[in-house]
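Undergrad: The residues making up each chain are set out below.
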Amino acid sequence: MSKAHTYKKDHINTDEIIPARYLNTDDVAELAAHCMEDLDTEFVNKCVPGDCIVAGDDFGCGSSREHAVWALQGAKIGAVIAQNFARIFYRNCINCGFYPIELANAPELIADGDEIEIDYKAGVIDNKTQGKKIEFKPLPDFALEIINDGGLLEHIKKK
Amino acid sequence: MGMTITEKILAASAGKKCVEPGDLINAKIDCIMCHDVTTPPAISMLKAAGIDRVFDNEKIVVTPDHFQPAKDIKSAELHKRLDSWAKEKNIKHYYKVGKAGVCHALLPEQGHIRPGEVIIGGDSHTCTYGAFAAFSTGIGSTDLAAAIATGEIWFKVPSSIKFVLNGTFGKGVYSKDVILEVIAQIGTDGALYKAMEFVGPALKKMSMEARMTITNMAIEAGGKNGIIAFDEVTKKYLDEHLKDKKDYTIYESDPDAKYERVVEIDCSKLEPTVTFPHLPSGGKPIGQCSGIEMDQAYIGSCTNGRIEDLRIAAEIMKGKEVAIRTIIVPATPEIWKQAKDEGLFDIFYEAGCVISAPTCGACLGGFMGILAAGEKCISTTNRNFIGRMGSPKSEVYLASPATAAASAVEGKLTDCRRFL
Numbered sequence: 106m107s108k109a110h111t112y113k114k115d116h117i118n119t120d121e122i123i124p125a126r127y128l129n130t131d132d133v134a135e136l137a138a139h140c141m142e143d144l145d146t147e148f149v150n151k152c153v154p155g156d157c158i159v160a161g162d163d164f165g166c167g168s169s170r171e172h173a174v175w176a177l178q179g180a181k182i183g184a185v186i187a188q189n190f191a192r193i194f195y196r197n198c199i200n201c202g203f204y205p206i207e208l209a210n211a212p213e214l215i216a217d218g219d220e221i222e223i224d225y226k227a228g229v230i231d232n233k234t235q236g237k238k239i240e241f242k243p244l245p246d247f248a249l250e251i252i253n254d255g256g257l258l259e260h261i262k263k264k
Numbered sequence: 002m003g004m005t006i007t008e009k010i011l012a013a014s015a016g017k018k019c020v021e022p023g024d025l026i027n028a029k030i031d032c033i034m035c036h037d038v039t040t041p042p043a044i045s046m047l048k049a050a051g052i053d054r055v056f057d058n059e060k061i062v063v064t065p066d067h068f069q070p071a072k073d074i075k076s077a078e079l080h081k082r083l084d085s086w087a088k089e090k091n092i093k094h095y096y097k098v099g100k101a102g103v104c105h106a107l108l109p110e111q112g113h114i115r116p117g118e119v120i121i122g123g124d125s126h127t128c129t130y131g132a133f134a135a136f137s138t139g140i141g142s143t144d145l146a147a148a149i150a151t152g153e154i155w156f157k158v159p160s161s162i163k164f165v166l167n168g169t170f171g172k173g174v175y176s177k178d179v180i181l182e183v184i185a186q187i188g189t190d191g192a193l194y195k196a197m198e199f200v201g202p203a204l205k206k207m208s209m210e211a212r213m214t215i216t217n218m219a220i221e222a223g224g225k226n227g228i229i230a231f232d233e234v235t236k237k238y239l240d241e242h243l244k245d246k247k248d249y250t251i252y253e254s255d256p257d258a259k260y261e262r263v264v265e266i267d268c269s270k271l272e273p274t275v276t277f278p279h280l281p282s283g284g285k286p287i288g289q290c291s292g293i294e295m296d297q298a299y300i301g302s303c304t305n306g307r308i309e310d311l312r313i314a315a316e317i318m319k320g321k322e323v324a325i326r327t328i329i330v331p332a333t334p335e336i337w338k339q340a341k342d343e344g345l346f347d348i349f350y351e352a353g354c355v356i357s358a359p360t361c362g363a364c365l366g367g368f369m370g371i372l373a374a375g376e377k378c379i380s381t382t383n384r385n386f387i388g389r390m391g392s393p394k395s396e397v398y399l400a401s402p403a404t405a406a407a408s409a410v411e412g413k414l415t416d417c418r419r420f421l
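Protein chains in written order, with the numbering used here: chain F, 106 to 264; chain D, 2 to 421.
Since the hints were made in silico from the structure, they are not lab data. Be a bit skeptical, because a hint or two may be false.
[Said to hold, decoys possible] Examples of chain F residues toward chain D, derived with CB under 10 Å:
1. M106
2. S107
3. K108
4. D131
5. L258
[What the hints assert, rightly or not] Some chain F residues close to chain D (C-beta under 8 Å, calculated; not the full set):
6. K114
7. N118
8. P124
9. A125
10. R126
11. N129
12. D145
13. E147
14. V149
15. A191
16. D254
17. K264
C-beta atoms are modelled at their ideal positions from N, C-alpha and C, and glycine is treated no differently.
Only chain F is shown next, with the shape it has when bound in the complex:
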């Protein structure tokens, strides 16, 4: 079970996820301490391991910095559920072993604070708070495999 942090906002960009002033390091714990800082200064304090972010269109637009995904992973976020994602960020998520879930009307279906449970393989989000099951198109098997292996390099190594 995880709690949703819902932002009814499109174009949440990499500068908001991890501002470039912190890119002088790739230390995940340091990055995590500033995760989402310019969008929501309280984010790091209110988020518990396994929580999810819910947002509108074009999540992760902007820079190619994988630091954005590392910051979210370091903050122990389980997944981002957005209406759609910017291209480089989406690719970075899978490469890092992190779940990007595309869901139309995501911020309407999952309210801020809702308790949810995600079945990544079946493509179902169980919104416990609202008592609703929401279907999404699951990632293809090869992408799920990469994520389950902990990212692209681990996946290659395993192969």
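Since the structure of chain F is provided, determine the placement of chain D on it from the hints.
TA: What follows is chain D alone, placed relative to chain F:
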């Protein structure tokens, strides 16, 4: 069935006769750009995975740029990691501090970009090189690591949107105004996952520098790549800049190539444009927004830090004084020297500007011109997200070098045509 230039390059890179949008292909990479923020983590990943090798030490170009010269201890550590790796792997094209410059200005200038090639880089603005009829796109550190080791990368072939640039530019209108207008029209996700192909008579008259400003910002509309066909202007630039390897393949879109959409822009109708915070789609004609007071002007970056940009700014500032702090950042050492030799530094000095070493610097809120809370900056850069150039409570307004220079002189958003 006809193919677009993007489809043709990707097909060739994968050893296929033809591809269509949606196909997954494995491309052979011709050039990899590496800088100081995203490459050190890629190197660490390779070491950790036990695949610490480079596929070809002559096809990787390394330059520190984001925080160069090192702005603090942590960035110095990143540079040290990049430096030891480049030396250990005997990277042929390694631009150390003194030769280092803003990557997307440096690579074409130093002759590393050729038509028909597949170029990737650990930076979203890698799409810049598409101005040379190449396929070029930005990736993250993990893809970068895998590419460095294998020389290959998988892509989904994007569908293409064609942008037809018609008409001629009026006074005070530049390629920056065109791309700001394009993004204002289609939005920051208007070309999400797609190739942005620019054609048309207005483009024919643009220099390579001006064209790079356009392809540089393809990512700000969500594009996978921006691309412009080869012509005489491309050829002349390449003749002057290519060094060791001078051959290349020219691909062109077929007349019956398929486009998802065609967008026509009449450049004759454009005005100098200013893009308001906090998205690159917030463009407005100067006529609707002049007079807003600024605290800083920034002229530089991979978008507009080339010699042509500095000449335009100098022309406007000549014999005048700036009313706000104004930072000039030539993008590469060669541009720096040329600006000095042409006397542009004297003009900037007399106008009261500060001239920086080549660096990405404050464009991404690194250093050399960071904004305090409540401050506004007119900038020739490419992004104006919250906190992009400093405080999350500061504001960035994007514009051409001419508009930035005119606004610097007046201390407020100003129509550059008054000075031309």
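Undergrad: All hints, please: hold or fail.
TA: To see whether the hints hold, each was checked on the structure:
1. M106: Where the cut-off is 10 Å and the nearest Cβ of chain D is about 30 Å from M106/F, the hint is violated.
2. S107: violated, 25 Å
3. K108: With Cβ-Cβ at 24 Å, over 10 Å, it is violated.
4. D131: Because about 4 Å separates D131/F from the closest Cβ in chain D, which is inside the 10 Å limit, the hint holds.
5. L258: Holds - the Cβ of L258/F comes within 10 Å of chain D, reaching about 4 Å at its closest.
6. K114: violated, 11 Å
7. N118: This interface hint holds because 5 Å falls under the 8 Å limit.
8. P124: P124/F check passes; min Cβ-Cβ to chain D is 5 Å, inside 8 Å.
9. A125: holds, 4 Å
10. R126: holds, 5 Å
11. N129: Interface hint status for N129/F: holds (4 Å vs cutoff 8 Å).
12. D145: violated, 11 Å
13. E147: Since chain D brings no Cβ nearer than about 14 Å to E147/F, farther than 8 Å, the hint is violated.
14. V149: Since the shortest Cβ distance to chain D is 15 Å, the answer is violated.
15. A191: holds, 6 Å
16. D254: Violated: closest Cβ of chain D sits about 12 Å from D254/F, beyond 8 Å.
17. K264: violated, 12 Å
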